[in-house]
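Sequences are here, hints too, so could you generate the full structure?
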Amino acid sequence: MDNLTSRFLSAYNQIDELLRSQQNAADNITFSNLVRTGAKSNRLIKKHKFALLEFSKLRNFLVHRYDQKLILASPTSQSVERMEKLANSLASPEKLIPKYSDNVVMCAATDPIGKIAQLMREKKYSQVPVVREGIIIDLLTAHTIAMWLAATLSKEIEFNAEQPVADVLPFSEDKHSFIFINRNANIIDALSLIEKEYKKGNLLQAILVTEHGKPTEKPMGILTLSDLPALRAEL
62 MDNLTSRFLS AYNQIDELLR SQQNAADNIT FSNLVRTGAK SNRLIKKHKF
112 ALLEFSKLRN FLVHRYDQKL ILASPTSQSV ERMEKLANSL ASPEKLIPKY
162 SDNVVMCAAT DPIGKIAQLM REKKYSQVPV VREGIIIDLL TAHTIAMWLA
212 ATLSKEIEFN AEQPVADVLP FSEDKHSFIF INRNANIIDA LSLIEKEYKK
262 GNLLQAILVT EHGKPTEKPM GILTLSDLPA LRAEL
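Its first residue numbered 62, the sequence shown is counted upward by one per residue in the working numbering.
A few of these clues could be false.
Here are the in silico distance ranges between beta carbons for each label pair [unchecked claim]: (1) Thr98 x Leu289: 20 to 28 Å; (2) Ala294 x Met62: 29 to 37 Å; (3) Met62 x Lys236: 55 to 63 Å; (4) Lys176 x His204: 14 to 22 Å; (5) Gly262 x Ala112: 27 to 35 Å; (6) Asn89 x His125: 16 to 24 Å; (7) Glu78 x Asp288: 29 to 37 Å; (8) Ser153 x Lys118: 25 to 33 Å; (9) Leu286 x Ser162: 13 to 21 Å; (10) Thr98 x Lys236: 33 to 41 Å.
These are computed hints drawn from the structure, not numbers from a lab. Ideal Cβ positions, reconstructed from N, Cα and C, are used throughout, including at glycine.
Below is the structure:
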């Protein structure tokens, strides 16, 4: 058996074992069925579903030909590398921390909106977590500030930069704009969470990464909509 075929079959078997273990599947369940089932809950499998199904056909072809001692073809180096990358990603998906670790800037609900808006402009932040009594209660976004300003101007009320952030938060159009995830979560977990919330009708503006995924903990990192392309590219 040539090197490419050996590597291809090794990666294939690794993926088969991982999916079978994750699904607690019996030995008589085919690889194709494992892939179809896995694609329903695993973003990585979903993205590469059709490629994996084609690789399954190639694997069967290779195994049967070698059993019959008819070596008519071997997988390409590109196919082998793709299978190996998939196997590695499934076995050890990249964690969000430390890749997306950051010094997350937060504000208090009592902070003056003018000060926080200025900070967001200077740092080019589109959202800032809001804390009250040690608990993250909301996400102040640039859009929420804009909606508050529009409402203020429409009522011909004088702009008050000292008004607390808490007074601005009710102008948010999305009450489910952020969610927490624990530091051990990986890229697949984050994308699956985004998709799950989207199906509920919630368009997440941010995912806050904390030690145990709790609002009482200081964020170790933050993922925003601008990170989505990079997250998807990791799959």
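Comparing the hints with the structure gives:
| no. | hint | result |
| --- | --- | --- |
| 1 | Thr98 x Leu289: 20 to 28 Å | 26 Å, holds |
| 2 | Ala294 x Met62: 29 to 37 Å | 33 Å, holds |
| 3 | Met62 x Lys236: 55 to 63 Å | 58 Å, holds |
| 4 | Lys176 x His204: 14 to 22 Å | 19 Å, holds |
| 5 | Gly262 x Ala112: 27 to 35 Å | 31 Å, holds |
| 6 | Asn89 x His125: 16 to 24 Å | 18 Å, holds |
| 7 | Glu78 x Asp288: 29 to 37 Å | 31 Å, holds |
| 8 | Ser153 x Lys118: 25 to 33 Å | 27 Å, holds |
| 9 | Leu286 x Ser162: 13 to 21 Å | 19 Å, holds |
| 10 | Thr98 x Lys236: 33 to 41 Å | 34 Å, holds |
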